[in-house]
Amino acid sequence: MHAIKNKQAHICILVLLVIVLGACKKFLEPEAVSSFDTEYIFDNTQNARKALLGAYMAMAGDYGYGIRISGYWPYDSDEMLKGTNPPTSDEGQLLAKYLGIPSNLQITNPFNQMYQGIERANQCIYNIPKMLQYNGGTSIEQAQLKRMHGEALVLRAQYYYELCRNFGDVPAQWSPSQYETDLYKPRTSLDTIYDHLLNDLQQAEEMLPWRTDVPNIGDQPDQRFTKGTAKALRAKIALTRGGYSLSVSSQTMTRPSDYLNYYKIARDECASIIANPAQHTLFPSYKGLFKDYLLAHNLNDPSGEFMMVASMAFGSGADSKLGIQTGTRVNGVGGGGINILPTYFYMFDSTDLRRDVTCVPYEITFDTIKTGHAMNAVYDGKFRKEWVSNPGYVFSAGNASTSSRPAINNSLQNMQLSWPLIRFADVLLWFAEADNEINNGPTAAAIDAVRKVNLRGHGGSYTEDAPVIPTDKTGFFKFLVKERMLEFGNEGVRKYDLIRWNLLATAITETRARLQAWASSTVDNHPALPAYSYMENGPVYARDPSQLPSYLYFLKKPPHSDIDGFNPFLNSFYKPGPIEAAPTDQTRVNWWLGGSGVSSSQTLTNAFAQGFTPNKSELMPLPQTQRDVNPNLSPQNPGY
Amino acid sequence: MGANALQSSHNVSVTGGNQQTTYNLSLTAVKQEGILINSSLDRKNLNFRLDHKTTGRFRFGFNTRYTNQLILGAGTSDAGGAGSNRLRQYTRYKPVILPGEEEDTYDPTLDLNNAGNGFNILNPILLANAEVRKRYINQLNLNGYFSVELVKKLTFRSQVAYNVTSTENRSFDDTLTNNAKSYNKQPVVSLGNNQSIQIVNSNVLSYVNPSLRGSVHSLSVLVGQEIQKTTNTANSQTIRYFPLGITADRAFNNLQLAAASTTAYPQLQPVSSQVPVTLASFFSTMDYNYDHRYYAKITVRADGSSLFGEENKWGYFPSGIVSWRISGEPFFESKWVDDLRARFSYGIAGNNRITPFSYRTQYVSPSSGGYGLNGVLNGVYNPSNLGNEKLKWESQIARNLGFDLAAFHDRISLTADLYYNSSENLLLNQAIPSSTGYITQFQNIGATSNKGIELQLSADIIRKQDINYSASFNISFNKNRITSLGGNNIILRNSGWFSGSNFPADYILKVGEEVGTMYGYINDGFYTLDDFTTAPYSDPLNPGLTTQYTLKKNVASNAKILADPLQPGSPKFKDLNGDNVVDADNDRAIIGRSQPKFYGGLNQTLRYKNFDLNVFVNFVYGNQVFNANKLEYGSAYGSEVNLLTSANGRWKMVDDKGRLIQRTVSSGGNTIIVGADSSTLSGINRGASLWFPSSSVNGFYSQSYAVENGSYIRINNVTLGYNFPKSLLSRIGISSLRAYITANNLATITGYTGYDPDANTRRSDPTTSGVDYAAYPRARTYVVGLNVNF
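First to last, the sequence lines map onto chains A and B. My numbering applies: residue 1 is where the first sequence begins, and numbers increase by one. My numbering applies: residue 1 is where the second sequence begins, and numbers increase by one.
The hints are simulated quantities; they were obtained by calculation from the structure and are not laboratory data.
Below 35 Å or equal to it, Euclidean Cα-Cα: the simulated DSBU-like pairs (lysine-lysine) are:
#1 Lys510(B) <-> Lys616(A)
#2 Lys291(A) <-> Lys185(B)
#3 Lys229(B) <-> Lys25(A)
#4 Lys616(A) <-> Lys552(B)
#5 Lys153(B) <-> Lys25(A)
#6 Lys553(B) <-> Lys616(A)
#7 Lys130(A) <-> Lys185(A)
#8 Lys185(A) <-> Lys390(B)
#9 Lys390(B) <-> Lys130(A)
#10 Lys185(A) <-> Lys574(B)
#11 Lys510(B) <-> Lys185(A)
#12 Lys390(B) <-> Lys26(A)
#13 Lys229(B) <-> Lys26(A)
#14 Lys297(B) <-> Lys26(A)
Just chain A, same shape as in the assembly (with noise of 0.2 Å):
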């Protein structure tokens, strides 16, 4: 009876730490409400899809493609400068000039949040796969998994495309962090993560849809990419694998013996692009693209040139600061972050309507009043304040003599404009630029491509004599150096061609010196502008500066009401013109003319890419807070 009773009491307390034990294992994994693992995110396509917009959500904000990446990395060159203020506390202004050192605070963050970008995108790629609906699911959802795959392989190539190309060679993981064993990876070379995002953008562009087939897989047309994208992107890397780059072992520039081979992808996938022009081709109009378009936040242009963009909308860390600090100022408020060199003006001719789009030399007062700048207050214009619509804004600083509002405006930040990554224009320009460089001398196909993009830059038919494109390699290389800079001015684009060509150093070291011609003319004389080397010149009637004017005169009160149809000055660009003071209802600016003293020609001239030192400056320096962090990201880069 008593052993009975023991083991019942025995059986009893065996259940009962059976129940608190699993009672126990229970409470102690409270469910996560508001977080989620990796399971519940890639259990349907809806929130896959989230996660895919998180990985495009690297590419914007202040550390994205919103202003350091856009606007502080790519200057300066023989286009464009940015800030006029040598030497500086502005950050963003020090690594422009190239007077970056490692603690700069400027490039952390963006650094950072490219690889966030990269992060996101290969769990997309690791987990997409695997979900059952992947091969499993409706042929929709098959469709829009495989593209998302693809999506996130584009976006991977993008962010390391951009590390590469501003840091040299830098760790690189192709997996989630979580599968990863070591996170302290060494710097990895630049030629292998490029070769290895030239095979996944093949992967990608099988994945992906043409752009007028996203609806057929129940997508909407929107800025997400396409196989257009993928494709266009593989021919951006692969001319930048086979172009030169700073070599942080050598400390010098270099490029592969074999760079003709990476030449052929680039010039094959620009083929299959501009074979289907019902996908992607030239929009007619070279303003209306920007003006219609892109400032009037509508990135589906009918042409399908915006092949691939960062695309912004008002939020925190997914919008823009373009046109804010950069742009020209109207009532008052903004711009001036952004000099056109005026060596760069006069590379346009003046029926190029390229040039107006670009360079923008008066600010906007009183709404419609367009009051002349001097030639060292130029900015840049794609994208312009005052061109801004759907929502458009309405600025003022609040002061009587710019603008009769109340301060509206006056500190704005964010305008939602987007940013442009690769237009079909680019696809034209390197095929052309591939074809000649295989070919040793353009075919005819590279010369019509060349010839598309100038036309549409002219409106589609020229009224001045056309331009003679180059037959010869050189010459025709050369006729592209230019055509390039004159198409894609204020796009980010420059300063990274030329370091491709190996032709930053040359860049910079004559356009100062064509920059001290100005700033050194006087009323009485204009020395002679030594000519470009390493690219065509300019118009005849502009490589003269004995016929550019001195001082350019605009009226006070023009009698104009359409803002946008004029231009202020009396006098032409292209001729020289009176040296008299302006009559009482005019306005007289410096132009061609340096002036004496410590002038502001002198300064911005000064200022241009002021710590340029070649073997170092094409290159950033990796940032000391992740090296103080993992420290094998070592070497430094050469110089730093």
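Once you have looked at the hints, place chain B on chain A.
Structure of chain B alone, referenced to chain A:
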């Protein structure tokens, strides 16, 4: 700042009961004005306690505590980086009121010149008025227990506690603030509610037998179990675009006045979250003593925490203490020793202070942001943290050998402790390479040890009828050492005073060194004219500047670490490896240690008749403070900023007549240094003691100049009291009445140049202790008080 501020504190308590039931009710009300304008604290406290003992074997009790607090004001800083520093406004705004200005005049030009990164200088009075912060805290603690004596000496006790803390934060940023500036210069309101609910239940069975079967063996055994669940629920909302001119209270109470959301001026979505944390424990303690001479107590506990992954939830923490009362031994005979005891303890304790769910990689939907497609913001999921499945309990092993002595009829008591403590598997939110896609990850990073001695000596020096004088003195010596950092030898840390992730390291963890070791460049004065070669220079644009200065080839250059052009008067750092270049890889070193060599206090009480006087002095010796205020406020970073007086001794580039005598000139892509001839420059700078302040962030890099001796002696508290004679009071029905006056923080003797050598503003990270940045200055307070007992 620095205004006189009033404080008041009232306390009433009632105690009563009978043999079976006792109760206590107490009410406290505290009001404090801050020394910053618009800051104050208002706290009300209610305590009630009830215990009831039935005639039988049951006991139960109930205890409740309610606190209601209202805190106003933004303070001088929060744990964020430099952008949130408000002490700056008080120290760097122009210190003079110009003709035509009031003390709260708005300077629009200055505001316009301000950098947009939070480093702006604004009239501090205006800013304090523009930033309204209200924090309401309600805390309710309910605690109940019952116990039953199952059989004699065996008691079961069950206890339940329910704690709720609700915090409501209301903030209002008017037009002048950076926040409002980002949103069309219209007022912005943020509302946040946080509720933390904690439920604790413990069940303990205890057996207590002071005398086993009438012997000298005493034994008590306890087994128990406890569960704890804490749920933090938060929701918040930011509402922008309130009409101009609205007051904070009107905005808080009329949220509908904010403009409706439009594409150009969108409102934000509300945000909410809930995070549960659970802890389960089993424990047992055995307490034994033999004849009040030999004591032993052994505890074992197992703690399971939801913060760790499946494999590592449980930690096991045994501890034990043995002691020997030597004075209880029959052989011990002493006339003057009352009590002498030796004890030794060894114990392991656990620490699980990490963010919940750190063991797994997880996605969150960020509170704002997303990706725009066709101009519309789409919600996203982003991975928020890199999970670490290997995370486990940090364990702290304490070993202590102690002696307690009481002598001369308890007039002298001495306690001495020797300890050797070590921590293993230290939990740290470790910076990891950003190439992982994350900046930090919780890791068990290493081990440290602490060795030290603590002494406490108390003595009743005079013990007479009318006069009493007693003193108590304590002193602690501690030596901390990092014994392991996993696979690393060095981990560099950034205290984040300037910026969390965007600034080079200023602290170092190194095996063999102590925690809180500062790391940076070593200052070596400034470059003098002797460091430069001279050449004639002439340019009509720079009349009077006749000499070009070029750094000598054999003088180490700082150009790799400072972006400012190097010139006479530039700060100079030691080139430690002698390669003629100062760089981050080779020329940073240990520049300070924040842990003191020893610290302690002396408390003295003198009573003479009805008067009593208490003086408490404490001291710290041998620690160093990273004075980040000095770096920022000594620099010229920002627009029209005031500088510390140390800048009076700066290298000057302007002569007495205001003429520029030294400058940089750019020519052909090179920057050259030109100036007046060297005798003019050296004449003006004969008394220079400091480099010229930089207008860039260059001055903020970690350097030995910022490190100062933090030793101090402080008269922390002096109280003078008077007890009214009882004979007088009994007539008016008062049992006792005491009046007193107290002065806190009366005086400090220190060589430290900042406000307070005791400041430690990076508390959330133990590895970067000793940073003084924008700390709320310690106020000197006087208290006049009255204690009445009826």
